[in-house]
Each structure stands twice: as structure tokens, then as C-alpha cells.
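Chemist: What follows is each chain in one-letter form.
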Amino acid sequence: MIVLSELENDALVEIFNIGVGQAAASMSAIVNEAVRMSVPSITFIHRAEAARLLRNQVFEPERICGVSQHYEGAFETEAILMFPEDKSLEIVRLMVGESVPLAELTDMEQEAMCEIGNIILNSCVGTLANIFQHELRGSLPAYHVGTSEEILTAPGSEPDAVVLMLHIDFVLEKHQIQGYVAFVLDLSAMHDLKAQINRYIARAMGQA
Amino acid sequence: MPQAKTVLIVDDSRVSRLMARQYITGLHPDWIVEEAGTGEESLLKSRDVHPDLVLMDVNMPGMGGIAAAQQLRRENPDLPISLLTANVQTATREAADAIGVGFVEKPITEARIARLLSPLEESAP
Amino acid sequence: MRAMDASVPAEHRLKVLRSVLAAVNVGAVVIDADGRVVLWNAWMSRHSGLAQEDVVGAELLAACPGLRGGRVDSAIGQALRDNFASVLSQSLNKAPFALYASAAAGARGERLQQAVEITPIDVEGAARHCLVQISDVSVAVAREKLLREQAMVLRSQTFADGLTGIANRRHFDVAMEKEHRRAKRAGAALSLLMIDIDHFKAYNDHYGHQKGDQCLIQVAAGLAGMLKRPCDLMARYGGEEFAVILPELDLDQAGRIAETIRARALELAIPHARNGEVPYVTVSIGITSQPRGAPVDIEALIGAADRALYEAKNRGRNRCAALNP
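Chains as they are written, first to last, in my numbering: chain F, 20 to 227; chain G, 13 to 137; chain W, 291 to 615.
Take these hints with a grain of salt, some might be off.
To be verified - Residues from chain F shown here face chain W by an in silico Cβ test under 10 Å; the list is partial:
id	residue
1	Met46
2	Thr125
3	Glu130
4	Ala131
5	Ala148
6	Gly157
Don't read these hints as lab results, they were simulated from the structure. Predicted, not measured: the structure shown is a model, and the values here were computed from it. Built from N, CA and C at the ideal position, the CB exists for glycine as well.
Chain F extracted, bound-state conformation (with noise of 0.2 Å):
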């Protein structure tokens, strides 16, 4: 298991927190009111260990609700926006501004839902791209529902993928909603993401 050092998991955390900044701010733009966002934490854990976390400790056994991005480059990997399924909704209605009950979702609150994804998994892997001066290409959100097993896992991926998983807080008028944002790397992707840090770290430090 890939442990990260407490200046790489800072490094990263900081990272994250400035992704998801930008995005709150791109929300705020589109619902013209406060929106905040802060990534407190990330952990490495693998895939079955992440949906089990998930599973358990945080959503119990209702539905989640993930936004799914590929992107290739640099490295590779899956990034899920994950909010259990009541607290999607949630979301949407405050961004949408209606107020829909929850049986009747329709289509139009599902491409509401995978803009939001859009929004925030850019940010966020956008910064990662950025610090890390590296080309990533990115694809269109994809939506889906189930549980936390069925969503983190991509079809076609590697069963010993580990997950870079972040907890994130979404703040918009006094609603405080917590999700998550997954990324599936396989060993490969790790060791590149974790060489990248490292460099990063080592710019920070004035040794690049």
C-alpha cells in the first residue's frame, strides 16, 4: 500500500483545495449566492476498501449518486463526484432553484447533476494538471446510481485499483452537504502521481 508522507499528503490537500475553491466559485456564479467548498481530507485505500468505507461508515445503505470522468495523459484515471443519493438532490434543487420532490427526479435534474460533476472534477484535476505542469485530456460526465460498490467500479479497470479518495465539504445557503471525490488509479498511475508530487515539493522547497 502506497503511504504518502505528511508534506506529500499536505502538498495534495492543498492541491485539492484550490481545485475545489475555483469550482465553488464557478457555482457561485451560477446560483449568484455564497458557495463554499474545502476538501478537509484524502485518503489511498483500495477500490473494495473505498466502497466498503463508503458502504458503512458514511451513506449506510441508500442509494449514491456518482458523476464519472476518464482522463488520460500524464496519468491515468476514473474520477467519481459522489453525494448519497437524497444529498444530490439536495444540491440540485439549490442550484436549480426549484423544489422538486424526490420522485420526480427527472432527466433535466440528472444533466444538472453532471454539470455540477463537470464543474468540480475539472477544477480539481485541472489544478492537479496545472501544478503539476502536465497535459491531461479529460471526458464528458457520465451519471450513475447504485451502490457504492457498482459506482467505483469502471468497467474494464484493474481489480487491485487503489482509490485517492477525497471527503469534501459543499456549503451553499446554511445547507453543509459532505461527498466524496474518488479517483481509481491503477500502480502505475500511483507511482506517477506520487512522482509528480514529489517534484512539486521539491520546486516548493526551492530544490527544482
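Please build the complex by placing chains G and W on the supplied structure of chain F, with the hints as guidance.
Modeler: Same frame as chain F, but now just chains G and W:
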């Protein structure tokens, strides 16, 4: 020879503080860079070291950057303070204006730091 | 039909592709690395009123100035700079491009409902370009609106006050949240009236609770009938209290409506032996308004309407009073 200035960097991210320090000392090797990891710490540090400029991250646990900046402003009406944030929206701008502080967009780059420091370079000791 | 392979001359292939692009039922715009339009298909010309010759070669933001600083602008930047794709859903982005179903719709300013996708594309021998695809989703949106309205009708049955049949407190709370948010989003004004039947307790004591109920039913019906616009809502807020939400009206306009309501109550001529000098049922009305572009909390709005109502009572009842929040 202009006098060396003291800059106080406040950010809960150590790497962020390191980067800012690098950029500042890169431009002004003789300046003093002090650090604080929380809003509370920044108030104590500021009373100790009397900085000429404070860079304050907004997103910090505990007191938070805006509250700390507000308090600092109360204690030092003339101290240049800049909020650091990736989330530049109307609420941020208005909060900054209300306190009487500037803001700088994250990520911190050498260019952004240079722009922040230039008024200090021109000012008298 | 022959397959499109290398044996087919390039020029022929190009002609087929051009025809395809002209025929697809989707707007296709290609932007180069400098933000200039290099492709603007027939669908775009048809729905924008901008001919291809006028747009190709110009900067997109010059041809469509409304896009500047918006989501489309930043998404194009992300595509060209970061190689990322973006979607713009119709619910979060109301019709970013100036596209219309017809000239008549154009005259009315009714834009097409749009779903937009922005993707980076590689062009051999050149810097990265960006493809913008625009789909007309107006039909889907209209269908959804209809479904919502139908559901609203069904749901309104549990939002009705059992006695008077007008909206209940729950309906008011939900509607207030919605209108408040809408006003904030649109930077529009929002007014609130608090209406209280004068000396209602005395009425109940004198005429009995049966007649008291009937009085409430009559007053509710009579006053609700004074509201003309579909967005206006009158709800039974409490025992003998009614609240009226008046979106987009300022204090003066709300004041005028309040006055017609007060007058109407008197006009109903419901005898009331214990109403001081006036022998009929009257109401006192508190009026407040949040001005355009200056939203306040819902609690502040209700608080101000309450205080205004109190003022009306203090000044002698059977009148309206207005206060700013």
C-alpha cells in the same frame, strides 16, 4: 538601500507556506518571512514580529482567515493584508472590501507574489 | 452505397462531410486556439440569424457578445487550454446562445432551450481547436413543465386549508422559500402582506364558533378573489390571519393591492356587532417589501410585515400600514 521588510504568511498548508516563502525570498533575499498555521497563531505572531505585510489564507480550520484578518485590521488599521483564496466570488470581494483588505487568487504564483510585494518595495522604511 | 474508404477521392469525401454537417439537427461551432470561429453550420445560421460568411473568421465573443465572461466562455477556455470537455445543462444555464425557433420567436425574444457540450478537438498540423455542440431541448423542457404542473395540482390537494379551501401554512412556507429564492436570483422585488381580521375573538364570543368559521370562509374567498396574477398567493397563516405573497411588486404597488383588499373586506358587509365603530367585519393589513436587488431574510420580511400589521392595529384597525424590512 531600502530597509528589509517582514512578511507574515498565514496558511494551514505547510507546502503553501513554503512556496510563498520561496517566491518572496527569491525576489528579496534580505526580507524576513514569518509563518503561522492558524488564524489564532497569526494574531500572536503579528503582535510579536510587527510584519509589513500579511498574506492570509481564507480556508483554515478554527478562526478562519476572514475573522483573523478582521481582528488584525482592528489592531493595525494601516497594515497591508491580503486574503489568499481560490474561491473568488462576490461574497469574498465584499468581505474583503468590508474589512479593508485586498485579495489574491490561488494558486500562488511568482507573478502574483511579485505584484503583491511591489507597493512594499516603493514605500519608505 | 460505397463505403467511405481511401479509394474514394478526398474531394468527394469532403463534399459528403460538408453535406452531413449542413444536415445534422444540432448546432456545430468550431473555435480555433485564438477564439475565432472556423466552422458555423447551417443549423446555427438558421437559428441564430447569423450567416456563415459573417461569422467565420470573427472572434466568437465578437459575434456573440452575450457569452463574454459566462460559462460558455470559460468552458471554451478549459477546452483549448486544459484539454477538458464540459457540459452545460439547460437547468443551470438558461439559453446561453441567442438562438430562436423562428423569426416570430426571435421577435418575442423567446430563445431555444439549449443543452451545450464543449469538447477539445485535435486538428492535424494546428493548435488545439474546440467543438461546441448545441441541442435544442425545448420540447423536453416543455414536457417536463407540463408534468410538473400536473404534479403540482395533485400535490396542492395537501396544501389546501381544510376550512377555507385556500392555501394552508405549509403551502405558504414552501411558496415563500421559492419566491424568495427566485427574487434573489432575478434581483427582483418581493412583497408580503399580513392580514388579520379585526376583533375576531370578540366575533366568536358574540356569534359563536360556527358563525366564526363561516366568517373565515367568506373572508378568505372574498379576499383571495382580489388577487389577479397566477404568481400571487394568499394563504391562511394562522387562526384569523392570512398572508399574501406578491412577487415583483414594490411597496407602493403592494400598498395599493392591500388597500383594495381592505376595501373588499368591508364590502362583504358581514355584520359584526363588536367591531368598535364599524358594524361590519374589517381587516388590518401589514405591508412590507424587499426592494429590487436588495434581498433580506425571509424571517426579516415576515417580521416587518408583522410589525406593520401591529402598527395598523394600533392606529385604529380597518387600515393598512407599511414598513420596510
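Chemist: Run every hint past the structure and note whether it holds.
Modeler: Taking the hints in turn, this is what the structure says about them:
1. Met46: holds (9 Å)
2. Thr125: It holds, given that the least Cβ distance between F/Thr125 and chain W is near 6 Å, below 10 Å.
3. Glu130: holds (4 Å)
4. Ala131: holds (4 Å)
5. Ala148: Check passed: Cβ of F/Ala148 comes within 6 Å of chain W, closer than 10 Å.
6. Gly157: holds (4 Å)
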